[in-house]
Amino acid sequence: MGRRSFEIIKQIVDSTLSAIYGIEDKCIICEEYEEQDYLCAKCKNDINIINIESSIIHEDEEFKSYSLGFYAYGLKKLILKFKYNKNFLAGKILSNYMSDFILEYLMDKVDILTFIPSSKISLKNRGFNQCEVLCKYISKKCNIPYKNLLYKINNSVDQIGLDNIKRWENIKGSFTSKNRKEIEGKRVLIIDDVITSGATAFYAAKAIKEINAKEVFILTVAKSRV
Numbered sequence: 145m146g147r148r149s150f151e152i153i154k155q156i157v158d159s160t161l162s163a164i165y166g167i168e169d170k171c172i173i174c175e176e177y178e179e180q181d182y183l184c185a186k187c188k189n190d191i192n193i194i195n196i197e198s199s200i201i202h203e204d205e206e207f208k209s210y211s212l213g214f215y216a217y218g219l220k221k222l223i224l225k226f227k228y229n230k231n232f233l234a235g236k237i238l239s240n241y242m243s244d245f246i247l248e249y250l251m252d253k254v255d256i257l258t259f260i261p262s263s264k265i266s267l268k269n270r271g272f273n274q275c276e277v278l279c280k281y282i283s284k285k286c287n288i289p290y291k292n293l294l295y296k297i298n299n300s301v302d303q304i305g306l307d308n309i310k311r312w313e314n315i316k317g318s319f320t321s322k323n324r325k326e327i328e329g330k331r332v333l334i335i336d337d338v339i340t341s342g343a344t345a346f347y348a349a350k351a352i353k354e355i356n357a358k359e360v361f362i363l364t365v366a367k368s369r370v
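FYI, in this note's numbering the residues of the sequence shown are 145 to 370.
Because the hints were derived from the structure by calculation, they are not lab data. Given the structure is predicted, the values throughout are model-derived calculations rather than measurements. Errors might be hidden in some of the hints.
As the list claims (entries may be wrong) - In silico lysine-lysine, DSSO-like type, Cα no more than 27 Å apart, as pairs:
#1 330 <-> 280
#2 291 <-> 316
#3 253 <-> 330
#4 170 <-> 208
#5 225 <-> 280
#6 310 <-> 284
#7 296 <-> 350
#8 253 <-> 264
#9 310 <-> 280
#10 316 <-> 264
#11 350 <-> 330
#12 230 <-> 284
#13 284 <-> 316
#14 225 <-> 291
#15 188 <-> 220
#16 358 <-> 284
#17 358 <-> 280
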């Protein structure tokens, strides 16, 4: 078992133990008393699932993208707790929402799941790839296989803080996929946490499509209004 896999498993176990022995009576978002489900009624109502469907069109290519809702309120709070506070229970809750969406709308359209890879710097700083963890959870619940199909091939700077034009310039050429035998003729769903300009999702999807995937879709937790 690699060091990164061990760290991910350890963080999941630690989060689970915390949920069982430390915060089982608290809402994961507001930390007020809650008897079950780890979400109080107020915070649960604050998670606005509206199922956004859009298309990312660029360079004469088009890819369908789906998001559970906008990057705001409850969804944003759960993402931040998961991504920056290493709260894997928040990630589990988000993955359940994503799994429910797949089971209802995409189950007969997807053969394989994959995820957006982290940069080496992000992986070193965070200790895990939040998209990979979501993908693992979803794969188990939906019984859809997942594979690490995408690889970062350059050191693009972090997209946070860049305007839309610079986001497209920064991420272009950042992804490749070498798993032709596993992808050819397959319908692939890419898992990501937040979509903003669509540049990252587009070039990731394009890398997979270029080695003869039948179709490529993107599913994210949230869509930024920026």
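Check each numbered hint from earlier against the structure, then list the numbers of those it violates in ascending order.
Hints 4, 6, 8, 9, 13 are the ones this structure does not satisfy, whereas the remaining hints hold.
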